[in-house]
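From first to last, the protein sequence lines stand for chains P and F. Numbering that gives the first Met the number 0 puts the first residue of the first sequence at 0, with every later residue one more than the last. Numbering that gives the first Met the number 0 puts the first residue of the second sequence at 0, with every later residue one more than the last.
For the record, the hints were derived by calculation from the structure and aren't laboratory data. All C-beta atoms in this analysis are idealised placements derived from N, C-alpha and C, irrespective of residue type, glycine included. It cannot be assumed that every hint is accurate.
Partial pick of chain P residues on the chain F-facing surface, computed with a CB cut under 8 Å [said to hold, decoys possible]:
{"id": "1", "residue": "ALA85"}
{"id": "2", "residue": "ASP88"}
{"id": "3", "residue": "PRO105"}
{"id": "4", "residue": "ASN107"}
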Amino acid sequence: MITDARVLVVEDDDTLRETLAEVLLDEGYDVRVAGHGREALGVLTTWVPEVIVLDLMMPEMDAFEFRRHQRDHELAPEARVMILSAARDLEGAAENIRADAWLAKPFNLTEMLDAVDRLVGDSAA
Amino acid sequence: MSATAQDPAPEQDEFPGVPQLRGEVAFRLLVDAVQDYAIFLLDPQGHVLTWNRGAERIKGYSADEIIGQHFSVFYVPEEREAGRPMRLLGLAAEHGRYEDEGWRVRRDGTRFWADVILTALRDDDGTPYAYAKITRDLTERRAAEEQQRALLIEQRARTAAEEALLARDRFLSIAAHELKTPVASLQLSAESLVRARDADRMDDERLSTGLQRMTKAAERLGDLVRELLDVSRLSAERAPLVLKPTDLAAVIRDVLARFEEQGEMHRIRFAGPVALWIPGDVARLDQVVTNLVDNAMKYSPDETPIEVELGTRDGTAVLEVRDRGIGLDEATVGRIFEPFGRAENAEHIQGMGLGLYISQQIVSRHGGTISADPRPDGAGAVFRVTLPGAEESAE
């Protein structure tokens, strides 16, 4: 694992967002959080993560719109994206917004950390 | 006596080349040859005078057996005892003609569904001297009709069942989706505590935060499950309403007091009578008021006022909850009380979108109505509940 890799967590559920941030911090990642897409875009203007952990459905701006803006403004274009969602067709959604990985809610901690670890490795490669 | 109501047929050959069809003989042969209709005459008292092949086929009596018998033998015992046969003769005498459909009895006791036309044959002074009776066996047609009807009912039932199944699938799919996020929170929080302990990173603060998060997620799960159960119980009408004289004004004040405890009362303004009595279920009405106020809170910015107003109109209690929130468009107004029917512009507000549906179920089971409209100035929404049987108390 590459320490100090940067991860942005974009999730509207407070509890889940805080917990995700905490466990990622424990693993040595540099973590920032956002409650929705618009807030996440704001973070990306000054900070470029290797990985974005992204909820699909969020208030203000959902994952689809967020990705469009991100591409249009070339914000963190190299970042790997992992979708977290309870939606049904996650594979389809992942393809749709060009995400690199997806994880269906609920998921376990190890699964999530492994996935982030892999994406960080990919991004370094 | 003549077998026809018309003038006697002329004696000369009417059907050139067919001497057998001379005069009345032609009509007798015609009537006798008909197999699909029982055609016969009754005397004014109802005794059988003539009989044709159709009558024999349909009713099972030969001419020898039935001529001279009273025609009430064709009727089912209940109708015979109730005097229906003679009543029908009376109606035919009165109106000239009477048509009837119903069960009749064959010689062997079996029943058939008959279409019967009774025609009175009258003297110059109008007195009936006989009745012509034409009976058709409609048993098969009736059976076919009934089969068709049964088929139609079955088809409708099947369509309704299929629709209910689709609605249930949709409901379950959305419910599962909503439940997964708090489950994910709960699982992740618990696992992160275990992981922290295993890595020797556990301290009081971490433990306390983790437990708080788990509690919050569990509470959220509990709320969602309660909503789901409410919906399923209300839609199956299994939840009995206990309608007792209820002071709606007091119910509203109780609900608002709870919001005050949560520190949210500063936004709410209540106007209404000291007491307003209606026949109602206290717990369920509390739920309706809570849902409406909660809804107004959720869908309007902090610090904007929420007005709750209670009054009466023509013996009906009228409750209005007005907010200054995101408002309602036309498409939403029609859908907002459907399960999961929350507004397009509210897609991401937490909750399952069942509160208004539950409220509507409760209100309609009180015999009342619930409606939602945009405020006339467009800024916000007005929810209006009416409940019948109101008595305002001036105490």
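Checked hints:
| no. | hint | in the structure |
| --- | --- | --- |
| 1 | ALA85 | holds (3 Å) |
| 2 | ASP88 | violated (12 Å) |
| 3 | PRO105 | holds (4 Å) |
| 4 | ASN107 | holds (6 Å) |
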